[in-house]
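Working from the sequences, and respecting the hints, build out all of it.
For the sequence shown, our numbering gives the first residue as 1176, with consecutive numbering after it.
Among the hints, erroneous ones may be present.
Stated by the list, open to error - List of simulated lysine-lysine pairs, DSS-like, C-alpha gap at most 25 Å:
1) Lys1529 / Lys1519
2) Lys1529 / Lys1502
3) Lys1317 / Lys1381
As the list claims (entries may be wrong) - Label pairs and their calculated CB-CB ranges:
4) Gly1454 / Thr1484: 50 to 56 Å
5) Gln1491 / Leu1265: 25 to 31 Å
6) Ala1244 / His1284: 54 to 60 Å
7) Asn1320 / Glu1471: 48 to 54 Å
8) Ile1353 / Glu1544: 52 to 58 Å
9) Met1447 / Ala1474: 36 to 42 Å
10) Leu1391 / His1284: 31 to 37 Å
11) Glu1471 / Gly1407: 19 to 25 Å
12) Arg1246 / Asp1286: 56 to 62 Å
13) Gln1538 / Arg1246: 36 to 42 Å
14) Val1198 / Tyr1450: 28 to 34 Å
15) Ser1291 / Leu1265: 34 to 40 Å
16) Asn1320 / Glu1437: 33 to 39 Å
It is worth saying that the hints were derived from the structure and are not from the lab. Note that the structure is a prediction, hence the values are computed from the model and not measured. By construction, the Cβ of each residue, glycine as well, lies at the ideal position given by its N, Cα and C atoms.
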Amino acid sequence: MDNQTDRSRIVVRTSILGILANVFLAAFKAVAGLTAHSIAIVMDAVNNLSDAASSVITIVGTKLAGKEADRKHPFGYGRIEYLSAMVISLLVLYAGITAFVESVKKIIHPDTPEYSVITLVIVAVAVAVKILLGRYVKSVGKMVNSDSLINSGADAVMDAAISASTLVAAGIWLLFHISLEAWLGAVIAAVIIRSGFGMLRETLSKILGERADETLAREIRDTICSYPEIEGAYDLILHNYGPDSHNGSVHIEVPDTMSADELDRLIRNVTMDVYHKHGVILTGVGIYSINTKDPEAAAVQENVMRIVTEDSAVTQMHGFYLDRDEKTMRFDLVISFDAKDRRKALQEAVDKVKKEYPEYSVQVALDSEF
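So this is what it looks like as structure tokens:
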């Protein structure tokens, strides 16, 4: 709870800094742009206002996401941060489309720009401020795992490049009396629109649910497999309920000689260890038993492994157990998402095993590369 509170405080403080900086920049750019009849600088000011609005949404989203879990939402409100990031991306899109429409109007009915030294100095200072602000906000966003801050920081750095391009346009006008204002405004708008679509796509992907981060998954597996009783950990599924908030489940391989009391104690230790080290709540730990009483089971397992992995679509076999008394053989197969027909690949693998061991009932579960 303390870590979450600290994170929320950092996000809010950084967002307030972004609001203040963007409001001041928007005001100065608006005055400079209107004075110089520069549509590009005016559009840049509008973009700064949208950035300030984005920071406000980040603050509101962070505050709402920090609410305690309740009966209606037992997993908490952390996913609100993803919704706030989505709103920010829509704001960026709106700003880009608005800027594009205004730029097209100016292409059709152009104004003659009137640059002054003060105007150019304001834009140059804005470039420096935006670069510093963007790098700082993005670094803080990565530190506290906030998509909203990361998006805002990336957007600020892009704004610096846009502002720098207006200086280039001003230089071209002063040297050659060629006005690129309206065309530059259209290019800026296109860049903003592209950025908005990218942010929206990334946020929607997280809302839909992405596969577990490979580094985190590997660290959790290493923690689980550090117990001498556990031979392997598989089928790790992580459900994201906001940044740094995961619930999940996993299967572990243990000897078939362990008692219920020993398993209970082991599972409790594993869940506590994973939570304290990685902040992940394991809501379920399934069990795969390993043959220890049948010396021939290992040879059968090795042969079955050879058979099923002849198909490149099969990336892993685990959870193997052979029961000679009941004539059953059970295991899980991980079929790649790249396979044309995953269920067909599974059935073909099962048929090969049945042909090799016709006296056994083959029970196979289809697993995915979560």
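Here is how each hint holds up against the structure:
Restraint check: the Cα-Cα separation between Lys1529 and Lys1519 comes to about 15 Å, which is no more than 25 Å; the hinted pair holds. Under the criterion of a C-alpha separation no larger than 25 Å, the hint pairing Lys1529 with Lys1502 is consistent with the structure, at around 12 Å. For the suggested pair Lys1317 and Lys1381, the alpha carbons sit about 16 Å apart, so the restraint of at most 25 Å is met. For the hinted restraint 50 to 56 Å between Gly1454 and Thr1484, the CB-CB distance of approximately 35 Å leaves it violated.
For the pair Gln1491 and Leu1265, the supplied restraint of 25 to 31 Å is violated, since their beta-carbon distance comes to about 40 Å. Between Ala1244 and His1284, the C-beta spacing of about 56 Å keeps the proposed range 54 to 60 Å intact. Range check, Asn1320 to Glu1471: about 50 Å between beta-carbon atoms, so the 48 to 54 Å window is met. Hint check: Ile1353 to Glu1544, Cβ distance near 55 Å, so the stated range 52 to 58 Å holds.
The supplied range of 36 to 42 Å is met by Met1447 and Ala1474, whose beta-carbon atoms lie about 38 Å from each other. One distance hint, 31 to 37 Å for the beta-carbon pair Leu1391 and His1284, is violated here, with the actual separation near 55 Å. For Glu1471 and Gly1407, the hinted distance range of 19 to 25 Å is satisfied, since their beta carbons lie about 21 Å from each other. Look at Arg1246 against Asp1286: about 60 Å separates their beta carbons, and that is inside 56 to 62 Å.
A beta carbon spacing of about 39 Å between Gln1538 and Arg1246 agrees with the range 36 to 42 Å that was offered as a hint. Here the CB-CB span from Val1198 to Tyr1450 is close to 42 Å, at odds with the stated 28 to 34 Å. The hinted window of 34 to 40 Å between Ser1291 and Leu1265 holds, with their beta carbons roughly 36 Å apart. A hinted range of 33 to 39 Å holds for the C-beta pair Asn1320 and Glu1437, which are about 37 Å apart.
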